[in-house]
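Novice: The primary structure of each chain is shown beneath.
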Amino acid sequence: MSENKSLLKLRKITKVFSRGTIDEITALNKINLDVNAEEYIAIIGSNGAGKTTLLNIIAGVYPPENGGKIIVNGQEISGLSEYRRAHYVGRVYQDPHIGTAAKMTIEENMAMALLRGQPRGLRAASNKQRRDLFRAALAPLGLGLENRLTTLVGTLSGGQRQALALVMTTLSKPALLLLDEHIATLDPRTAQVVLDLTEMLVKREKMTTIMVTHNMELALRHGNRLIMMHKGRIVVDMNQEQRSDLTIHDLVVAFERASGEEFVDDSVLLRPGNVVGTSEL
Amino acid sequence: MLAVVSYVLPFSLYEGLVFGFVAIGVYLTFRVLGFPDLTVDGSFTLGAAVAAVLIVKGVNPFLATLAALGVGLCAGLATSLLNTKLRIPALLAGILVMVALYSINLRIMGGANVSLLREATIFTQVAEFLGVGTRIVRSLIVAGVLAVIVFFILNWFLRTEIGLALRATGDNEQMVRGLGVNTDMTTILGVSISNGLVALGGAVVAQGQGFADVGMGIGMIVMGLASVIIGEALFRPKGVARLLLAVLGGTFVYRLVISIALRLGMAPGDLKLITAILVIIALAVPYLQKKAQREWLPPATKW
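Keeping their order, the protein sequence lines are chains A and R. Going from the first sequence to our numbering is simple: count from 1 and add 18. Going from the second sequence to our numbering is simple: count from 1 and add 27.
Here are the simulated DSS-like cross-link-like pairs (lysine-lysine), alpha carbons at most 27 Å apart as the crow flies:
1. K30/A <-> K87/A
2. K329/R <-> K121/A
3. K121/A <-> K317/R
4. K191/A <-> K224/A
5. K265/R <-> K146/A
6. K265/R <-> K121/A
7. K191/A <-> K146/A
8. K249/A <-> K27/A
9. K265/R <-> K317/R
10. K318/R <-> K121/A
No lab work stands behind these hints: they were computed from the structure.
With the hints as constraints, model all of the structure from the sequences given.
Specialist: What follows is the structure, encoded as structure tokens:
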């Protein structure tokens with residue numbers, strides 16, 4: 019893996035919560051990671067493994083500690099606040115309510131997303147040209163949203179909102195797409211629709227993507243690189259060939275070997291949305 | 028009955044327009060930004076005080092009114108800076124600036140009130156220019172022209188790229204920050220514009236009634252809220268333009284009801300109590316309805 023080619027470089031990323039109290043927890047422990055352009059990484063791990071914290075660090079929700087570095091396209095962005103990183107990083111959240119604004123129309127939501135990371139001025143936010151662009155972006159979803167531009171987003175279903183959030187993220191083509199368990203709260207059928215849509219958009223836009231998930235099967239079937247996290251560290255990192263014939267059982271074995279812990283209850287990792295982490299059992 | 032049609036109606040229309048600036052200001056903070064801003068009681072008087080003192084000193088009344096708008100912006104700036112840069116909760120930040128403004132307003136006016144009798148105001152200037160009129164006609168013309176200007180500017184601004192970011196800040200702050208919007212800036216902008224409008228309202232009201240008084244802002248926030256709630260309930264508006272019109276319409280209806288009640292013998296001193304009760308009912312009814320349907324609702328926020 020050549021140093022120069024990587025789109026995202028993480029160096030010694032550490033994040034400790036509640037430092038100095040009995041609740042102190044090291045969410046990320048000196049993480050190093052190189053992400054190449056057009057890679058589609060699935061990150062898996064139990065609760066408390068540090069997956070979402072890693073996405074939060076990349077997105078700039080909080081800064082890395084002790085001189086940890088975040089470099090995108092050769093530019094260090096470690097010190098930039100969240101809104102200044104929007105240019106580089108697009109994100110779809112687990113909760114569909116976070117990715118879209120309920121009291122505004124589909125058109126207004128998309129108009130805002132179109133200007134991701136760009137200076138906003140006193141021009142009209144939408145015009146005919148932009149509306150055509152929005153319709154063209156919505157049409158491939160097959161949800162009919164392209165004919166409902168003036169509908170308030172709050173009246174859409176969770177799946178529709180999540181699909182819209184995905185399209186909004188790809189409108190402005192940020193360097194990096196972060197998916198934070200973005201289908202975990204959807205019903206199985208809608209989840210599949212949104213997942214297919216993700217595949218389509220990631221392929222079409224050639225977006226470098228990091229997808230966090232609880233679901234091992236999902237991680238095996240999607241993406242071209244698999245990373246497993248445990249207690250704030252990366253314990254397994256497999257490329258396309260290494261994971262091609264992998265089964266869930268192999269993953270469990272790999273986890274046990276890498277973490278040095280017995281995998282007590284594999285159903286915990288298989289079930290999305292579980293509450294208790296494996297390590298605490 | 029004749030009195031209602033010939034006097035109360037046009038007078039309420041006038042009041043609906045000038046207090047409409049206050050209501051639109053309240054609408055911007057409470058509804059659009061989700062920022063419960065109590066600066067209003069202070070910035071209304073601030074606008075009145077600045078305009079009155081400048082006019083007495085011989086400044087052109089239009090310039091004085093513009094200056095009032097400017098100091099109102101500054102009052103909103105102070106509140107929003109306390110909130111965004113010092114992380115003081117919005118409600119408390121507004122109360123702090125409101126209380127501070129009470130002293131500042133006394134200083135500006137050099138006493139509890141300033142009379143504008145026999146001074147040139149925007150109303151007398153317009154009357155002179157047009158060569159017409161009864162008091163109510165010139166009042167309606169001035170208030171109407173100002174309202175149209177404010178309406179068009181806001182209707183345009185809230186649809187611009189910045190305006191959209193401002194509205195989204197109140198709707199989903201996390202999302203707009205993720206899209207690269209500095210939500211501190213949009214909050215500061217929104218609260219400032221809101222208080223600028225409120226101060227403009229204060230300046231026009233003072234010139235209309237012929238004096239500025241240190242207590243004239245008391246209860247403005249509740250009056251503004253009542254107008255917004257009435258407007259929303261009566262017109263159920265969709266879209267920016269209709270919302271702005273609904274707020275103006277709500278203020279008109281509120282003023283009309285108050286004027287009629289006063290004519291029917293309500294003591295003017297009871298006005299604020301009745302307005303407060305109106306707002307309490309309007310806020311409580313939706314909750315009680317849902318509670319009756321055994322729908323779960325979260326506890327009220329403390330801030």
